[in-house]
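J.: Here are the chains, one letter per residue:
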Amino acid sequence: MSHLDYGLKSPPTGIRKLLYLNWPLIVLLAAVSSVGFLMLYSVAGGRIEVWAEPQMTRFAAGMAAMLIIAMVPIWFWRNLSALAYVFALILLIAVEFFGDVGMGAQRWLEIGPLRLQPSEVMKIALVMALAAYYDWLDLERTSRLVWVILPVLLILVPTALVLSQPDLGTSLMLVMGGGIIMFAAGVSLWYFGTVLAIGIAGIWAVLLSRGTSWQLLRDYQYRRIDVFLDPASDPLGAGYNITQAQIALGSGGWAGRGFMQGTQSRLNFLPEKHTDFIFTTLAEEFGFIGGISLLALYTLILAFCIHSALSNKDRYAALLTLGIGATFFLYFGVNMGMVMGLLPVVGVPLPLVSYGGTAMLILLMAFGLVQSAHVHRPR
Amino acid sequence: MRRSPRETLESTRRISRRGLMLGAIQAGTVAVLTLRMRSMQLAHADEYRLLSEGNSIKIRLIPPARGLIHDRNGYLLAGNESNYRVTITREDAGDVASVFAQLRRLIAISDAEAETMLADIRRRSPLTPFTIADRLSWEEFSRIAVNAPALPGITPEVGLSRFYPRAADFAHSLGYVGPVSDFDLGRIEDPDPLLRIPRFQIGKIGIETKMEKALRGRAGIRRVEVNSAGREMRELSRQEGVPGDTLQLTLDYRLQNYVQTRLGTDSASAVVMDVTNGDILAMASAPSFDPNLFVRGISTTAYRALNEDDHRPLADKSVQGLYPPGSTYKMVVALAAMEAGVIEPKETVRCNGYVEVGGRKFHCWRPAGHGNMTLQQSLEQSCDVFYYEVSQRVGIDRISDMARRLGIGLRHDLPVSAVAEGLAPTTAWKKRRYGRDWVVGDTLNSAIGQGYVLTSPLQLAVMAARIASGREVVPRLIRSQNGVEIAPLDAPPLEIAPEYLAAVRAGMEAVVNAPRGTALASRIVTASLRMAGKTGTSQVRNISAAERESGVSANEDLPWEQRDHALFVAYAPADAPKYAVALVVEHGGGGSAVAAPQARDMLLFAMRGGLPPLSDYPENQRTRIQSQHDAMDLVDPDVPPPSASERA
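Sequence lines, in order, name chains A and B. Residue 228 in our numbering is what sits at position 228 of the first sequence, and the numbering runs on without skipping anything. Residue 615 in our numbering is what sits at position 615 of the second sequence, and the numbering runs on without skipping anything.
If you're looking for bench data, these hints aren't it; they were derived computationally from the structure. Because the structure is a prediction, the values reported are computed rather than measured. There may be inaccurate statements among the hints.
Unchecked claim - Just a few of them, taken from the derived set where beta-carbon distance is under 10 Å, the chain B residues facing chain A:
id : residue
1  : Ile15
2  : Arg17
3  : Gly19
4  : Leu22
5  : Leu33
6  : Thr34
7  : Glu47
8  : Met117
9  : Leu118
10 : Ile121
11 : Arg122
12 : Arg471
13 : Val474
Cβ atoms here follow ideal geometry from the backbone N, Cα and C, with glycine treated the same way.
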């Protein structure tokens with residue numbers, strides 16, 4: 001922040017707004033996306049037209065959308081937040097009736113030539129709605145039970161819809177993303193502690209009851225939990241992908257096997273090599289250096305978001321920026337944790353790198369909001 | 001919307017505090033990810049690399065056993081036999097040429113073969129196994145297995161291969177399997193991973209291809225640990241696949257064998273049906289071929305011989321062969337005429353040996369003419385003039401409509417290859433096809449089953465079955481799938497007045513049993529089994545006026561391919577129809593002399609469930625029939641067929 005910035009009495013207007021964009025963030029986003037193009041080119045066996053090219057088109061479209069959104073004052077978007085939430089909710093309900101089940105469990109909605117994943121839209125719409133809610137709410141009411149229940153409902157309704165798709169990964173992300181905003185807005189830590197305690201106690205009870213006379217779940221449900229927690233116990237089913245992914249990742253070593261040299265392409269058994277498991281290819285071909293570089297890029301994006309949020313005096317803008325950063329964090333954190341075998345396999349893509357139109361567009365549009373918040377911050 | 005500074009300040013402070021806490025948590029997560037990555041890629045990289053390159057775990061598909069095919073009584077028609085083969089995987093072999101040289105010391109591979117194979121192997125993906133030799137003897141196989149450690153990339157394996165125990169009898173309906181070709185892969189969308197297995201067999205023709213989905217089954221999975229040479233060290237787990245469905249056909253093993261044998265070496269075809277439910281009991285096309293040759297990879301010379309044979313052994317004439325039905329078509333014309341009301345069953349038409357229409361003479365087969373003919377007599381003696389006359393009254397469109405109701409000129413849905421549609425011509429069809437108007441002469445030709453009319457033996461059998469039963473019997477070949485019975489299709493009554501059907505049936509009975517019937521010699525004397533039928537002789541050449549003057553050449557004087565086709569359709573017992581048959585002998589001569597006796601024997605065999613007693617035949621034929629029986633080499637289905645290795 002230069003001296004000049006503080007000297008400004010009001011946010012910039014017109015074309016001058018371009019100068020006040022968070023340019024480092026844009027460069028970082030482009031860099032991460034380029035890593036994606038490179039990897040998509042590689043997993044397609046050196047063909048650009050399979051995945052890389054459509055992905056580039058989407059990136060260009062997403063970038064344009066981002067700039068347009070960034071030019072519009074943030075208070076305009078704040079006033080639209082509730083509408084965005086309702087719109088996403090309608091899409092989620094619509095997908096229940098008209099959606100197609102694609103790969104895995106995520107549901108698609110076909111609107112003309114567009115294939116839309118309403119659950120991706122909801123991730124950002126929820127952040128917008130919660131940020132607007134806490135912007136509107138009086139500060140001293142933040143931790144009152146009545147005013148805590150309302151945002152919890154805002155989170156749980158779409159979560160239930162997504163869970164019924166059934167898409168466990170996205171519904172967990174919605175809960176966590178929503179929880180983070182509530183956390184950032186200053187809801188008393190007691191609530192979080194209580195929920196955490198109840199959750200742990202519940203899981204404890206379920207696991208403890210196994211094999212006793214008061215067993216809470218049926219046997220087959222326990223077996224499912226086993227496989228979910230330890231894919232290796234079902235090596236031909238759920239565990240196969242993760243085993244192969246870990247082998248590919250681990251065998252990358254320090255510097256990797258070189259571009260397009262990964263044996264990953266041999267592992268055609270991996271049905272998600274261009275989507276959820278794309279990080280394994282990167283880690284195999286570029287090794288620890290490649291993996292850590294991507295992680296660093298992600299962390300930098302996150303840091304820019306947090307910095308931008310903390311230096312923004314507008315409450316909505318700050319919460320929104322924190323929330324979008326957190327959502328972004330959840331994307332890459334869960335995805336990497338998953339392919340590294342730290343988390344169970346739930347379908348979460350690697351942001352801006354995995355092949356997928358909706359996630360790419362929605363994320364870039366979300367960063368458009370971050371930019372708008374940055375440009376139009378109170379001076 | 002601006003807020004009061006106090007609130008904004010307080011809120012900003014709070015958000016900053018929580019935001020920093022969040023940042024710390026996120027930074028912690030990133031640190032965990034980094035540590036994990038470091039541990040996997042730096043500390044344990046060697047282990048993973050070993051897993052990936054050396055002692056790695058591979059998933060192998062287990063091809064499922066192809067579904068068995070049985071006859072209606074449970075006798076095996078298509079099964080699977082063990083097949084010893086040896087494959088090479090280039091990636092594991094390293095130096096392919098040297099491995100090859102070593103292998104050639106163990107099994108015989110000619111220089112030329114070796115060269116093309118080496119070129120082939122180099123062209124393929126290094127990871128797909130390539131089959132070097134197939135159908136090895138046990139000795140060769142064990143020699144390779146013993147020496148396997150010295151042959152990197154070479155895998156001796158036991159697979160299943162299709163086997164048809166009764167080689168030629170069912171070749172046409174069953175078809176055969178063969179290795180998946182690139183052509184097949186291109187044709188099939190979203191191919192089953194099984195198809196990627198080298199030399200995996202899929203149906204190429206006949207029931208084998210039409211029922212491919214049911215017969216193939218689902219692949220099993222084996223997880224194996226292999227060493228760096230690609231050799232399996234141990235099997236970690238195994239999940240068996242699902243074998244293909246077992247099919248039970250409506251065909252009767254013994255009857256099919258008899259029919260095929262009875263057709264002999266002629267270029268002929270016969271279909272025997274159960275008129276009560278449409279079950280096809282026998283569907284034969286002669287001459288036949290051994291489908292096992294195709295499964296094993298037929299030699300070029302053998303294939304050329306089959307392909308160039310003028311008797312076309314590879315064609316399934318029973319459903320693909322299209323013939324002018326000749327006089328067997330007269331029932332269609334008779335029924336159409338009665339239904340149109342242009343003739344009464346008792347009405348007579350005079351036959352003078354010919355009619356003249358549009359300045360052209362249309363001759364009866366009997367130059368002197370038949371005199372006054374009733375409908376029954378016209379069938380009995382196969383008078384052509386009667387049908388020339390009647391067909392003009394009824395018109396071609398109504399005749400062809402009747403033909404279709406009786407199953408002619410439409411494609412019956414059977415799971416065999418290239419079922420022909422045939423043709424029941426109409427005025428509109430000719431206009432469309434040739435751009436010319438239908439003329440009366442066309443109708444006259446069609447009336448005696450010549451001209452444009454084309455039928456397959458299957459369609460003729462359906463016609464006979466429908467006339468016999470009075471119901472719209474639909475032919476079928478599959479009786480049950482995996483033990484689940486498939487109900488016969490609905491056969492609603494034909495909407496033809498019973499008295500018209502009765503008149504036609506009486507005529508067909510007279511053909512075989514009345515003193516002047518054209519097939520009297522082929523009668524069955526046992527009263528309860530009497531046969532009703534109709535002869536047909538269809539010309540394949542035009543008889544010129546000059547030739548008619550000087551006397552029509554006898555068939556025996558003509559070259560084979562110019563002789564008439566001999567046809568016969570029949571059902572029995574005449575009083576309570578159970579079986580129908582249609583038989584075509586290509587260029588066989590006259591229907592009564594050539595086709596009728598064979599059809600009778602087939603019906604008798606079906607009714608008696610085996611070779612009929614001589615008492616079923618007229619007395620003066622019994623000696624001849626006895627010697628005919630003696631000469632036949634029929635199978636006993638309860639004696640198992642020789643296995644492949646015994647035959648080899």
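J.: Now, for every hint given, state plainly whether the structure supports it.
T.: Hint-by-hint comparison with the structure:
1. Ile15: holds (5 Å)
2. Arg17: OK, holds: Arg17(B) within 10 Å of chain A, min 8 Å.
3. Gly19: This interface hint holds because 5 Å falls under the 10 Å limit.
4. Leu22: Hint on Leu22(B): holds, closest Cβ of chain A at ~6 Å, below 10 Å.
5. Leu33: holds (5 Å)
6. Thr34: holds (6 Å)
7. Glu47: Since the shortest Cβ distance to chain A is 7 Å, the answer is holds.
8. Met117: Interface hint status for Met117(B): violated (24 Å vs cutoff 10 Å).
9. Leu118: Check failed: Cβ of Leu118(B) comes no nearer than 24 Å to chain A, outside 10 Å.
10. Ile121: violated (18 Å)
11. Arg122: With a minimum Cβ separation of about 19 Å from chain A (threshold 10 Å), the hint on Arg122(B) is violated.
12. Arg471: violated (46 Å)
13. Val474: Given a least distance of 38 Å, the restraint on Val474(B) is violated.
In summary, the structure is inconsistent with hints 8, 9, 10, 11, 12 and 13 from the numbered list given earlier, while agreeing with the others.
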